[in-house]
Amino acid sequence: MLRGQLPTSALAKSVAFDDSMMHVTLIDGRVISVPILWFPLLRDATSEQRKKYEIGGGGISLHWEDIDEDISVAGLMAGADMNSL
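Counting from 0, one number per residue, gives the positions in the sequence shown under numbering that gives the first Met the number 0.
It is possible that part of the hints are untrue.
Stated by the list, open to error - Cβ pair distances, simulated, as ranges: (1) Gly-56 x Asp-18: 24 to 30 Å; (2) Asp-27 x Glu-47: 25 to 31 Å; (3) Ser-71 x Ala-15: 15 to 21 Å.
Treat the hints as calculated values from the structure; they're not laboratory data. For each residue, glycine too, the CB sits at the ideal point set by N, CA and C.
Kindly produce the complete structure, drawing on both the sequences and the hints.
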């Protein structure tokens, strides 16, 4: 696999939030959890705005129209890996 490519299982299925974390469930059942603080637009959004997301590109990206936020699954995976060191 080339650097920067995601395995086909690294595709978003759903997104959920708690008080401090965003949890992205992938189609293979893995869950990526990252602090909302990493994303100021999401941190400052209302819970209703956070719930109004779209999954794009067959699961490779997340988009919140109301707050103009876009996040890639690849970026989440890279960030989660870097911050777990």
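Quiz item: What hints, given by number in increasing order, does this structure fail?
Solution: Checked against the structure, no hint fails, so every one of them is satisfied.
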